[in-house]
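Fit chain U to the known structure of chain V by using the hints.
Which chain is which? The protein sequence lines are V and U, in order. Per the numbering used here, the first sequence starts with residue 161, numbered consecutively. Per the numbering used here, the second sequence starts with residue 4, numbered consecutively.
Don't read these hints as lab results, they were simulated from the structure. If you're wondering where the values come from, they're calculated on a predicted model, not measured in any experiment. Don't be surprised by glycine CBs; every beta carbon is placed ideally from N, CA and C. Treat the hints loosely; a few may be bogus.
Straight line, CA to CA, 27 Å or less: simulated DSS-like cross-link-like pairs of lysine-lysine [as the list claims (entries may be wrong)]:
(1) V/Lys181 to U/Lys126
(2) U/Lys48 to U/Lys86
(3) U/Lys86 to U/Lys126
(4) V/Lys197 to U/Lys86
(5) U/Lys46 to V/Lys163
(6) U/Lys128 to U/Lys117
(7) U/Lys86 to U/Lys46
(8) V/Lys162 to U/Lys46
(9) V/Lys163 to V/Lys197
(10) V/Lys181 to U/Lys117
(11) U/Lys164 to V/Lys163
Which chain V residues face chain U? A few, computed with CB under 8 Å, are given here [unchecked claim]:
(12) Met161
(13) Ala188
(14) Asp192
(15) Leu217
(16) Pro221
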Amino acid sequence: MKKVRSEISGIVFSIPWLIAKDHGLFEAEGIDMEFIKAQGNRSVTPTENPNDVNPILNHVPFEDNQVSIYRA
Amino acid sequence: MVMPDSPHNYPGTLTNKPVGVTFHAAAHYVALRLLEGYVPNEKIKLVHYGSPKARFEAMLNGEVDACVVMEPWITLGEKIGCKSLAEGHYLGAENASDEMDEDTFAAINRAVFKAVDMFNADKRKYLHYLIDNNPGFAEIAGRYGGITVDDFSLPRFRYTKDTHYSEETIEDTFNWMMRWGLLDGEACSTDLVDSRVASPALADD
Numbered sequence: 161m162k163k164v165r166s167e168i169s170g171i172v173f174s175i176p177w178l179i180a181k182d183h184g185l186f187e188a189e190g191i192d193m194e195f196i197k198a199q200g201n202r203s204v205t206p207t208e209n210p211n212d213v214n215p216i217l218n219h220v221p222f223e224d225n226q227v228s229i230y231r232a
Numbered sequence: 004m005v006m007p008d009s010p011h012n013y014p015g016t017l018t019n020k021p022v023g024v025t026f027h028a029a030a031h032y033v034a035l036r037l038l039e040g041y042v043p044n045e046k047i048k049l050v051h052y053g054s055p056k057a058r059f060e061a062m063l064n065g066e067v068d069a070c071v072v073m074e075p076w077i078t079l080g081e082k083i084g085c086k087s088l089a090e091g092h093y094l095g096a097e098n099a100s101d102e103m104d105e106d107t108f109a110a111i112n113r114a115v116f117k118a119v120d121m122f123n124a125d126k127r128k129y130l131h132y133l134i135d136n137n138p139g140f141a142e143i144a145g146r147y148g149g150i151t152v153d154d155f156s157l158p159r160f161r162y163t164k165d166t167h168y169s170e171e172t173i174e175d176t177f178n179w180m181m182r183w184g185l186l187d188g189e190a191c192s193t194d195l196v197d198s199r200v201a202s203p204a205l206a207d208d
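Extracted from the complex, chain V is given alone in its bound form (with noise of 0.2 Å):
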């Protein structure tokens, strides 16, 4: 089995993924597939200026290559 890992942020992003994962979709194809979650629900302060906020958003376990792929 090829081990992947894979981000889940938003679920909306995600279903089929998660439909996959539960109903042996990945297994069936040989990949054992890990989910690790975003790093959401952060404080946040409030601004109207894009270039105060860092475009990595909460998509740091990609940053960080602890996960390979994710989805937006």
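Coordinates of chain U only, in the frame set by chain V:
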């Protein structure tokens, strides 16, 4: 989306009114695309609040006149009487690192494609994921009696099988982002998107 008693009934009255979004994400870009048709660019006032929970709460407590949210927040808002002023859709993306090899990506997609077929054959059967796996949402929804899978509008859910972006779509999107100052001039669209894998005819270029 605005509160049930909001004076706003269409996007045109949101001139210089704070709208809660997440910058550099779908809520940011869709908000601009929806509002620019009604409000002069310089009078669009977006405010970054981060998570959809924070955006929704900012609307509830009156910090913003409107918030941009996706499901299941749209359905919760509608259940408590909030008004949708505009609704937009966009293309999602799978973002893989350099460590993802082509065979593994193809195997993942085969599994996800089967799941997409399962979802589209019986959408309501799988919408529990939006409620069950969402603690931040459950906290807010619980204040209003929660929602069930029967509350969702099924046509909003549009999962499709993976495809590549057309060159026209890439170029149009790049130009739109440049007009809004969301990209600097050092990159060009062909630097940002490499379609060789999805377009075999170009693979030997």
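Taking the hints in turn, this is what the structure says about them:
Between V/Lys181 and U/Lys126 the alpha-carbon distance is near 17 Å, which keeps this suggested pair within the 27 Å criterion. For the hint pairing U/Lys48 with U/Lys86, the CA-to-CA distance comes to about 19 Å; that is within 27 Å, so the pair holds. A hinted pair counts as satisfied when its Cα atoms are at most 27 Å apart, and U/Lys86 with U/Lys126 qualifies at roughly 24 Å. Our distance criterion of 27 Å between C-alpha atoms is broken by V/Lys197 and U/Lys86, whose separation comes to about 31 Å.
With a C-alpha separation of about 49 Å, the suggested pairing of U/Lys46 with V/Lys163 is violated against the 27 Å cut-off. In summary, the hint linking U/Lys128 to U/Lys117 is supported, as the alpha carbons are separated by about 15 Å, within the 27 Å threshold. A distance of roughly 22 Å separates the Cα atoms of U/Lys86 and U/Lys46; the hinted pair therefore holds under the 27 Å criterion. Restraint check for V/Lys162 and U/Lys46: not satisfied, since their Cα atoms lie roughly 51 Å apart, outside the 27 Å limit.
About 17 Å separates the Cα atoms of V/Lys163 and V/Lys197, which keeps this hinted pair within 27 Å; it holds. For a cut-off of 27 Å, the pair hint linking V/Lys181 to U/Lys117 stands: about 11 Å separates their Cα positions. Taking the CA atoms of U/Lys164 and V/Lys163, the gap is near 23 Å; set against the 27 Å cutoff, the hint holds. Evaluation of the V/Met161 hint against chain U yields a violated restraint, the C-beta minimum of about 11 Å exceeding 8 Å.
Annotation: V/Ala188 was flagged as interfacial toward chain U, and the flag holds, the nearest CB pair being 7 Å apart, inside 8 Å. Taking 8 Å as the C-beta contact cut-off toward chain U, the hint placing V/Asp192 at the interface is violated, the least distance being around 11 Å. The beta carbon of V/Leu217 comes within 6 Å of a beta carbon in chain U, closer than 8 Å, and the hint placing it at the interface holds. Checking V/Pro221 against chain U: minimum C-beta separation of about 11 Å lies over 8 Å; hint violated.
Hint compliance for this structure: hints 4, 5, 8, 12, 14, 16 are broken, all remaining hints hold.
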